[in-house]
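Take these sequences, add in the hints, and give me the full structure.
With this note's numbering applied, the sequence shown covers -5 to 282.
Treat the hints with caution; some may be incorrect.
Stated by the list, open to error - With a cut-off of at most 25 Å between alpha-carbon atoms, the simulated DMTMM-like pairs for lysine to aspartate or glutamate come out as follows:
#1 Lys200 x Glu67
#2 Lys102 x Asp172
#3 Lys126 x Glu67
Keep in mind that the hints were calculated from the coordinates and are not lab data.
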Amino acid sequence: VERFSEHPLGDAILREVKRRNLKTKPVQNFLALPGKGAHGEVNGNVVKVGNKMMFPSSLPTRVQNDLMRQEEEGNTVVIVGKDNDIFGLIVLTDKIRKESFSVIRSLKEMGIKRTVMLTGDSPAAAGAIAQKIGVDTVFAGMLPQEKVTKIQKLKNSRSVVMMVGDGINDAPALAAADVSIAMGVAGTDAALEAADIALMADDLGKLPFAVELSRQSIKVIKQNIGFALGIKLLALLAVFPGWLTLWVAIMADMGANVLVTLNGMRLVRYKRRLPKKMPEVACACSST
-5 VERFSEHPLG DAILREVKRR NLKTKPVQNF LALPGKGAHG EVNGNVVKVG NKMMFPSSLP
55 TRVQNDLMRQ EEEGNTVVIV GKDNDIFGLI VLTDKIRKES FSVIRSLKEM GIKRTVMLTG
115 DSPAAAGAIA QKIGVDTVFA GMLPQEKVTK IQKLKNSRSV VMMVGDGIND APALAAADVS
175 IAMGVAGTDA ALEAADIALM ADDLGKLPFA VELSRQSIKV IKQNIGFALG IKLLALLAVF
235 PGWLTLWVAI MADMGANVLV TLNGMRLVRY KRRLPKKMPE VACACSST
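In structure tokens form, the structure reads like this:
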């Protein structure tokens, strides 16, 4: 069933299947349910793969105990079964990117005072990761639409919300944020299309530099507007004493174009600098 899924957990399961050289059977009528899982027909039976919401009936006590134990250890559990029959549990552990802690720290040093994790993972698994990397607030067990609602609430609190995500379930939330960034290589097509910025390298460490470069770009834009208006104002003042000849006007116009172009080209050689404090900004991050 996971062969047709675009979810990172599905990719992880498929990699393990290939590593073990396991045989798979044809699947028909595949359907993905964002925030829950997926199901498809295998040998005439509807096989479900996902979280507890895929199985509305009460799970057996033994399964519930195993599920609770794994989640308390910070693991993500995928339930496999059909109807009310549980075939088994697939346990996955999130491998935290080694640069995650330093990225969160850098963002806070740059003035981003609050970081928020929005994830469909269990509260225990999400909380364990957040504690390790320094995320301030965690909202776990969320469906895609619930992520959108939470981002709207953050925006209504007069915070500027930057959303970082790479999964198919992140696309609606990315579209709702003030600024959205998709992790390029790992990102799904839906996430890339919804994002304002795509980091083409699958390197979370690029995030602080992207924020810093964006701030510098705004400064350069304001400088260029000032340069252009200043030159136009000087040209206007030169009309009254009769100094503004045709050639002077042409040179002033060309000079303004050259000046703003050269000033803009400084961004090509821009290097990261020490962070400066900014007003409070909220950052909504998605866990994979």
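- Query: Regarding the pair Lys102 and Asp172, is the alpha-carbon distance no greater than 25 Å?
  - Reply: 18 Å, holds
- Message: Check whether the Cα positions of Lys126 and Glu67 lie no farther apart than 25 Å.
- Response: 13 Å, holds
- Query: Going straight from one Cα to the other, do Lys200 and Glu67 come out at no more than 25 Å?
  - Reply: Judged against 25 Å, a Cα distance of about 30 Å means the pair is violated.
Checked against the numbered hints above, the structure breaks only hint 1 and satisfies the rest.
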